[in-house]
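Please build the complete structure, drawing on both the sequences and the hints.
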Amino acid sequence: MRALAASAVAAVVFTVVLGFAYPALVTGFAQVAFPRQANGSLIVRDGTVVGSALAAQGFTSARSFHERPSATTPPYDAAGTTFSNLGPTSPALAELVARNVRAILTLERPYNPGLTIHDIPVDAVVPSGSGIDPEISPAYAQLQARRVAAVRHLPLATVRRLIARSTAGRSLGFFGEPGVNVLELNLALDEEQDG
Amino acid sequence: MARVYTREPGDVVERGFLRLLGRDAAAEQDWKAYGTSVLVLSAVFSALLYALLRTQGHLFLNPDHLPDVPWQIALNTTASFVTNTNWQFYGGETTMSYLSQMAGLAVQNFVSAGVGMAVLAAVVRGIARRSSGGLGNFWRDLYRSIAYVLLPLSLVLAVILISQGVVQTFHGRATATTLEGAHQTIARGPVASQVAIRQLGTNGGGFYNANSAVPFENPTGLSNVFEMLALLLIPAAQVFMFGRMVAAPRHAWMVFAAMFAIFAIGVGVAYAAEQRGSQVLRASGVDIARSAGQSGGNMTDKEVRFGIANTALWATATTDASNGAVNGGLDAFTALGGAVPLVNMFLGEVEPGGAGSGLYGMFFVILIAVFVAGLMVGRTPEWLGKKVEAREMKLAALGALFVPMMALVTTAAAVVAPAGLASLANPGAHGFSEALYAYTSQSNNNGSAFAGYGATTFSTTLGTVALSFGRFVPLLSALAIGGSFAAKKTVPFSAGTFRTDGPTFAVLLLGVIALTAGLMILPALALGPIAEGLTR
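Residue numbers (the working numbering), protein chains in the order written: chain L, 1 to 195; chain H, 1001 to 1536.
What the hints contain is simulated information worked out from the structure, not anything from laboratory work. Wrong hints could be hidden among the right ones.
Facing chain L, from chain H, some residues (calculated, C-beta under 10 Å) [as the list claims (entries may be wrong)]:
(1) Phe1017
(2) Gly1092
(3) Gly1104
(4) Thr1169
(5) Thr1177
(6) Pro1190
(7) Pro1219
(8) Leu1222
(9) Val1225
(10) Ser1278
(11) Gly1296
(12) Asn1310
(13) Ala1332
(14) Met1393
(15) His1430
Coverage of chain L stretches by chain H, computed from C-beta distances (three or more under 8 Å per stretch; other residues unrestricted) [stated by the list, open to error]:
(16) 25 to 33
(17) 145 to 158
(18) 169 to 179
Ideal placement from N, C-alpha and C gives every residue a C-beta, glycine not left out.
What follows is the structure, given as structure tokens:
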């Protein structure tokens, strides 16, 4: 009985301190010191939230860089993240890859004569982990550069410069892999044309 | 950390806390009293958490108006979080209110880790003492684990993570109008505070469904490294705490060396397998070669910012420790790459394992190792100056073999019963791997998943059984061993004593790990990953 009473008191104490005081303290600090990050790295243009730097949003138009495939329902759902869970020998994965390859070849070949399946980087055709990976590999960005430059009537060099600007290298030069943030890149392209 | 558990007297807050718990709450406990306190506290928290999950729809801090959690999911989740497992049969952002996440699940992340650490401290104390009945006091050990280790480290880690972009807010979902005019909803919440403790406490349960693959939980290469170091920090440090408390630092180094060897092999194998790519991707013709422009390899269900290397490293680290967090989808790993986390878990997560539970799991293996050595030299085995006798050996065997057996039995039940097959997401050998992974993970209290494995009333109930027994049978065995060592006298070291502080011992330890759990999983590996790896 005594153990039960002690446990009940301990449960209340721990819930109050660890369940309420601790997250409240961290939240208070975060909202003061890092308000942008703490609220989702939202990007605002002309008073409206146009997305988050940390979430893919499913670009489809030919004038934009496209993100990686997403396994969420609907695709790029930032409130329902999920893996595809397609195994290494899955027939469904084989079909999905083939379908994505065909779509990319159809879209990019007019601007990249001689483009073959062997030129398509793997991240472009397989689902990302979260379903909202905001980045693509630098190789996939280069593959899309000619199309975007042609459709937007921008010099290829300008597009490549903007790709470089939206590329995050390894953290501290060592941790992780380089990636190109697609939303930031497309915004930079819009600004380049408006400005 | 050794100082944390040995310093006398406790601080003012500790004395106040103990007074609050009632008369005699600070008294010395033998292993039975200690174990009773653990079980009763776990039962009370289970009732509390289950009630919270079942009523969250009617409570506050639920800005996105999520309904009550269905009973099957609530039951499994309760067992999962109280046992330091964090297996998740649900998607966090679509199931759990902010209240459930922070006042329910995150509290368990602290307490279940604290319980593991306290039990370890008690067992080590038992080994260090002589001719004594007591193991210390559970409430003090629990308080000190949380107040001196888990809480301060969590505060620091949470701030680092937020600076990198991890979300921390009580506001509900954000809405955006995308550049192409579509409507986008972005799930948010008190994420960083929870990610910090779920990494440090070797818990692993994600705020979001896709866990640390989601940029809002793990946005950069740097946040990834901090989350990874955090999950290894406490269990690795405990090896040295043990060495100091029993005054055998060289022995602790040998134990650490054996752990590190398994870790290094795992990282190497997983990286090579994932970089080589899956059968489907190799056959497809797309470019999977590593180059300056991409990390290449099996990028299915992996994120660009982590690539192959950091995802393989993470998968190995989280399953060597007892942290079920993932930063990429393990279900989509190659046969060999996915076998690494599976084997890691099956070996009992002793490399370095969960907070507390890893090292007391390793004690079982150490006892078997000194027993085997004793048989070879024909003497009564000794460990750290104490004779190892029949009672301790029985308990060690129970502790070492019960969990792998539990994993195999529940897996068998899940693939034989028609109701179990409904949970499989992939056909063939990979489907078997999914079931094997699910019950190995839950029995070993890891929580990582081949995430395609689905929730049914059958699978959640079977999982609950695996979770509970997988936690408390080894925990009580370890406490009992601590209790019986505490009562023993020390014997003087002599020329015939098998030395436990040299490399020979580390090699012996590896051999015992391979021979016990390793041999048990081999047949199951043949049916799952090996069969799949041989498929073209």
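Unmet hints by their number, sorted upward, for this structure:
14, 17
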